[in-house]
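Colleague: Listed below are the residues making up each chain.
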Amino acid sequence: MTDVGAAHPGASTPAPDVGRAVVHTTGVEKTFGTGPTAVKALEGIDLEIGQGEFVSLIGPSGCGKSTLLRLIGDLTTPSAGQILVNGKPASRARLDRDYGMVFQAPVLMDWRTIARNIELPLEIMGFPRDERARRSGELLKLVELEGFGGKHPWQLSGGMQQRVAIARALAFDPKLLLMDEPFGALDEMTRERMNLELMKIWGQTATTVVFVTHSIPEAVFLSTRVVVMSPRPGRIARIVEIDLPHQRTVETRELERYFELVTQVREALRRHEPDTTTMDELEAARIRAEGLG
Amino acid sequence: MTALPSIAQPRGASLGLARETRSARRVVGFVVVLLAVLVVWELAKWLGGDPWRIHGTVLGLRIDYEHLPPTHWRIADDLSLPHVWDVARAFVDPAQRNGPPLGLVLAGQALFTFREAVIGFVFGGLLGLGLAVWFVHSRLAERALVPYVVASQTVPILAISPIIVSATKAGWLSVAIVTAYLTFFPVTIGALRGLRAADQRAFELFRSYAASNRQILWLLRLPSSLPYLFAALRIAAAASVIGAIIGEIPAGIPDGLASAIINYNQYYVTAPERLWATIILCSVVGLVFVGLVKVAEGRLLRGRYRTLDLA
Ligand SMILES: Nc1ncnc2c1ncn2[C@@H]1O[C@H](COP(=O)(O)OP(=O)(O)O)[C@@H](O)[C@H]1O
Ligand SMILES: [Mg+2]
Chain E
1 MTDVGAAHPG
11 ASTPAPDVGR
21 AVVHTTGVEK
31 TFGTGPTAVK
41 ALEGIDLEIG
51 QGEFVSLIGP
61 SGCGKSTLLR
71 LIGDLTTPSA
81 GQILVNGKPA
91 SRARLDRDYG
101 MVFQAPVLMD
111 WRTIARNIEL
121 PLEIMGFPRD
131 ERARRSGELL
141 KLVELEGFGG
151 KHPWQLSGGM
161 QQRVAIARAL
171 AFDPKLLLMD
181 EPFGALDEMT
191 RERMNLELMK
201 IWGQTATTVV
211 FVTHSIPEAV
221 FLSTRVVVMS
231 PRPGRIARIV
241 EIDLPHQRTV
251 ETRELERYFE
261 LVTQVREALR
271 RHEPDTTTMD
281 ELEAARIRAE
291 GLG
Chain S
294 MTALPSIAQP
304 RGASLGLARE
314 TRSARRVVGF
324 VVVLLAVLVV
334 WELAKWLGGD
344 PWRIHGTVLG
354 LRIDYEHLPP
364 THWRIADDLS
374 LPHVWDVARA
384 FVDPAQRNGP
394 PLGLVLAGQA
404 LFTFREAVIG
414 FVFGGLLGLG
424 LAVWFVHSRL
434 AERALVPYVV
444 ASQTVPILAI
454 SPIIVSATKA
464 GWLSVAIVTA
474 YLTFFPVTIG
484 ALRGLRAADQ
494 RAFELFRSYA
504 ASNRQILWLL
514 RLPSSLPYLF
524 AALRIAAAAS
534 VIGAIIGEIP
544 AGIPDGLASA
554 IINYNQYYVT
564 APERLWATII
574 LCSVVGLVFV
584 GLVKVAEGRL
594 LRGRYRTLDL
604 A
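Listed in order, the protein sequences are those of chains E and S.
Letter by letter, the first sequence follows residues 1 to 293 of my numbering.
Letter by letter, the second sequence follows residues 294 to 604 of my numbering.
Be careful, since some hints might not be right.
Stated by the list, open to error - Now the in silico label distances, taken between C-beta atoms and shown as ranges:
1. E:R134 with S:R599: 53 to 59 Å
2. E:T263 with S:L593: 32 to 38 Å
3. E:F259 with S:R592: 38 to 44 Å
4. S:L397 with E:G137: 58 to 64 Å
5. S:A317 with E:R92: 23 to 29 Å
6. E:K88 with S:S505: 35 to 41 Å
7. E:E267 with S:A524: 53 to 59 Å
8. S:R315 with E:Q204: 54 to 60 Å
9. S:R592 with E:E254: 52 to 58 Å
10. S:S505 with E:E254: 48 to 54 Å
11. E:D187 with S:Q446: 30 to 36 Å
12. S:K462 with E:R134: 58 to 64 Å
13. S:R507 with E:T249: 26 to 32 Å
As the list claims (entries may be wrong) - Covered stretches of chain E (in silico footprint by chain S; criterion: 3 or more residues with CB under 8 Å from a CB of chain S, positions within the stretch not fixed):
14. 99-111
15. 246-258
Said to hold, decoys possible - The following residues of chain E were derived to be distant from chain S, with all beta-carbon distances above 10 Å:
16. H24
17. G73
18. D74
19. S79
20. D96
21. K141
22. H152
23. E241
If you are wondering where the hints come from, they were derived from the structure by calculation, not from laboratory data.
Bear in mind the structure is a predicted one, so any value in this text is a computation, not a measurement.
Just so you know, even glycine gets a beta-carbon here, dropped at the ideal spot from N, CA and C.
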């Protein structure tokens, strides 16, 4: 966390061409399985994400958001196309420890205290003990969990656990933070608080973030760009630039422009699924489709 | 995000008390069941056992009582089911003329068998855990060997133990091997399950850190296997006492419980209560061993694993 407190690069210009590309995908395709049961999860994904950007992936369930995130993180490999992260193949970037990952569930180790959970990646990467302790202390402060370092995960609420997961992901200063619906399991109030928290952290760390979400307001509030995806097979339907002021605060959600952008994203989603009107209905349609198939 | 939520109360105080009441309750339960068994035992003898009488003087009171059970059941006669007090008395009566009491002799033999059981338990535990770790890292080894691991347990241990004895010479080593033969299996199965028990996403997390297999083993697989491993070790501890006794037989070891069992089997017609006393001691050894494993489990896991604080 060398640039704590430093102004975020690309402060007022959320354009993707700020800085060099952290993620660069060309013609990425992903098919699960073979033969008649094969599922084409993604097709023709061309995406470039610049240094310091916060990019959200949004779209109906099953449109391949998680798959795309996992491809970028080298947790799975593409069937076709190329993925470069920091100019390297994704597998190289993983071995170079360029990624911090946060999932929908906190995935903490029960047998470790909160501090030792945060230190886990540092331990794996061979940081000395005192350095680890110093970092976990800093991060506990960053996610406002000072005093909880000695607790075990199950002694914390869901929101607190998710903050620990974020702290753990930030522990080794990864160049790229990959978050798959990190607040999806939280209630609305906690979620909004966590969004503010995340913005604060992002402002302090200059990390590039790829963020999967189901929530349109969340995507608009957090992002510099929102990638709207459409299903079967998963494609990028539209990319919405979020030209809100860089500092995102409680007031951001009351700006005229914020509502306009929410509407834009909603319409982009709707246009690619003409039978349905809202995200809930998209969900319902998907559940029905799965029930029949 | 200002005030620290008050969810995480210190657990020591309230839960410590709860834990004490829990273990007190467990002891009471054990005693109650034991008393119930004794009552049913004597009730069966009262209804269908052999006639018996008490006569003598207790505290200056002459007692002369004879009981004639209304029916007769073979399993309740004095040969099949000696009186509780006869079994109790067998412990204090000398094992041989002018020798130490049977209880003391049996305790010495039990200690000897217990030591063998512990050695076999350690062997079997290490073997079982080693196999599980190997299988987790090699699908090929798992697929090739698991059928044999399972098959090994379908062979009666009684048939195997003479072979082991003749191959290794009679002695503690042969007993340990027979014991390990019985104990490695539950450990392999339990550990295998435990080593895979971690959340799939935890494995992905480690992958994203580019962790080595060794780090995944030590920092993820082994810690998350511990609750499963200890459940298996408890079974293994009980099995190891059986294994040690069975291992002593072909080895002809005279210092353990096996020789007592064989001995009192032969004299069963004249002194059935001695075999019963031996049986009781065998189960005491097993209970103590399982109890020790549970204590170790509590020491190691309590406060570190969610499940253990609730159970
Ligand atoms: N490991 C897998 N094996 C087979 N199919 C998968 C796998 N992972 C995802 N899929 C399929 O790929 C599609 C996209 O899934 P996913 O990326 O999880 O969607 P999202 O995160 O947008 O809800 C879905 O149809 C899903 O069923
Ligand atoms: Mg998903």
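Colleague: Now look at each hint and say whether the structure bears it out.
Modeller: Taking the hints in turn, this is what the structure says about them:
Between R134 of chain E and R599 of chain S, the C-beta spacing of about 29 Å breaks the proposed range 53 to 59 Å. Against the hinted window of 32 to 38 Å, the Cβ-Cβ separation of T263 of chain E and L593 of chain S comes to about 57 Å, which falls outside the hint. Separation of F259 of chain E from R592 of chain S is about 59 Å and departs from the stated range, judged on CB atoms against 38 to 44 Å. Judged by the Cβ atoms, the range 58 to 64 Å given for L397 of chain S and G137 of chain E holds: they are separated by roughly 60 Å.
For the hinted restraint 23 to 29 Å between A317 of chain S and R92 of chain E, the CB-CB distance of approximately 60 Å leaves it violated. Roughly 20 Å separates the CB atoms of K88 of chain E and S505 of chain S, a value that falls outside the hinted 35 to 41 Å. The beta-carbon spacing between E267 of chain E and A524 of chain S, approximately 56 Å, falls within the hinted interval of 53 to 59 Å. Separated by about 47 Å at the C-beta atoms, R315 of chain S and Q204 of chain E break the suggested range of 54 to 60 Å.
Between R592 of chain S and E254 of chain E the beta carbon distance is about 56 Å. The supplied range of 52 to 58 Å therefore holds. Checked against the given bound of 48 to 54 Å, the beta carbons of S505 of chain S and E254 of chain E, roughly 50 Å apart, stay inside it. Here the CB-CB span from D187 of chain E to Q446 of chain S is close to 50 Å, at odds with the stated 30 to 36 Å. K462 of chain S and R134 of chain E have their C-beta atoms about 59 Å apart, which keeps the hinted 58 to 64 Å range intact.
Checking the proposed 26 to 32 Å range against R507 of chain S and T249 of chain E shows it is violated: the Cβ atoms sit about 46 Å from each other. For a cut-off of 8 Å, the count of residues in the segment 99-111 of chain E with a CB near a CB of chain S stands at 9, and the three-residue condition holds. Interface restraint, the segment 246-258 of chain E with chain S: violated (0 residues with C-beta to C-beta distance below 8 Å; minimum three). Listed as outside the interface, H24 of chain E is consistent with that label: its C-beta sits roughly 19 Å from the nearest C-beta of chain S, beyond the 10 Å cut-off.
A Cβ of chain S approaches the Cβ of G73 of chain E within 10 Å, the least distance being about 6 Å, so the stated non-interface status is violated. The non-interface label for D74 of chain E is inconsistent with chain S: the shortest C-beta to C-beta separation is roughly 8 Å, within 10 Å. Residue-level check passed: S79 of chain E sits 19 Å from the nearest beta carbon of chain S, beyond 10 Å. Interface exclusion of D96 of chain E from chain S breaks down, the closest Cβ pair being 8 Å apart, not more than 10 Å.
Under the 10 Å C-beta cut-off, the non-interface status given to K141 of chain E relative to chain S holds; the minimum distance is some 13 Å. The Cβ of H152 of chain E sits about 7 Å from the closest Cβ of chain S, inside the 10 Å cut-off, so the non-interface label is violated. With 10 Å as the threshold on Cβ separation, the claim that E241 of chain E sits away from chain S holds: the shortest Cβ distance comes to roughly 29 Å.
Figure legend: structure checked against the earlier numbered hints; hints not met, in rising order: 1, 2, 3, 5, 6, 8, 11, 13, 15, 17, 18, 20, 22.
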